[in-house]
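*Asks:* Sequence:
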Amino acid sequence: LLWDSKCPLCVTEVNMLRRKNAKISPAPLRFTDIAEAGYDPAAEGNAGVDFETAMGSIHAVARDGEVMKGVPAFRRVYEELGMGRVYAGTR
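Mind the numbering: the sequence shown is residues 6 to 96 in our numbering, read in order.
Since the hints were derived computationally from the structure, they do not count as laboratory data. Just so you know, not all the hints are guaranteed correct.
As the list claims (entries may be wrong) - Within a straight-line C-alpha distance of at most 25 Å, the following computed PhoX-like cross-link-like pairs (lysine-lysine) qualify:
| id | residue 1 | residue 2 |
| --- | --- | --- |
| 1 | K74 | K25 |
| 2 | K25 | K11 |
| 3 | K11 | K74 |
Could you build the full structure based on these sequences and the hints that come with them?
*Replies:* In structure tokens, the structure reads:
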């Protein structure tokens, strides 16, 4: 999940997701802070998503490299954490 640590709403959401993620072994999600000075779109798992693009909408990158943004990204993240019912109505 590519996220922005300078966004208070994002921080609240990611903190909750991290707690859920920590209860699963192996943890299914990796969190990448796009606001971090060293953020590199070319780094493994970032799928070339640059800072400006990531700031436009929430992005998630699947293990196979598939890039999702917006509601589909949230849907996938919640499914990975066993909470897919939260976004089930968005299909």
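*Asks:* Are the hints correct? Go through all of them and say.
*Replies:* Here's how the hints hold up against the structure:
1. K74 to K25: holds, 21 Å
2. K25 to K11: Cα-Cα ~21 Å, so holds.
3. K11 to K74: Status holds; Cα separation ~19 Å.
Hint check: no violations occur; every hint is consistent with the structure.
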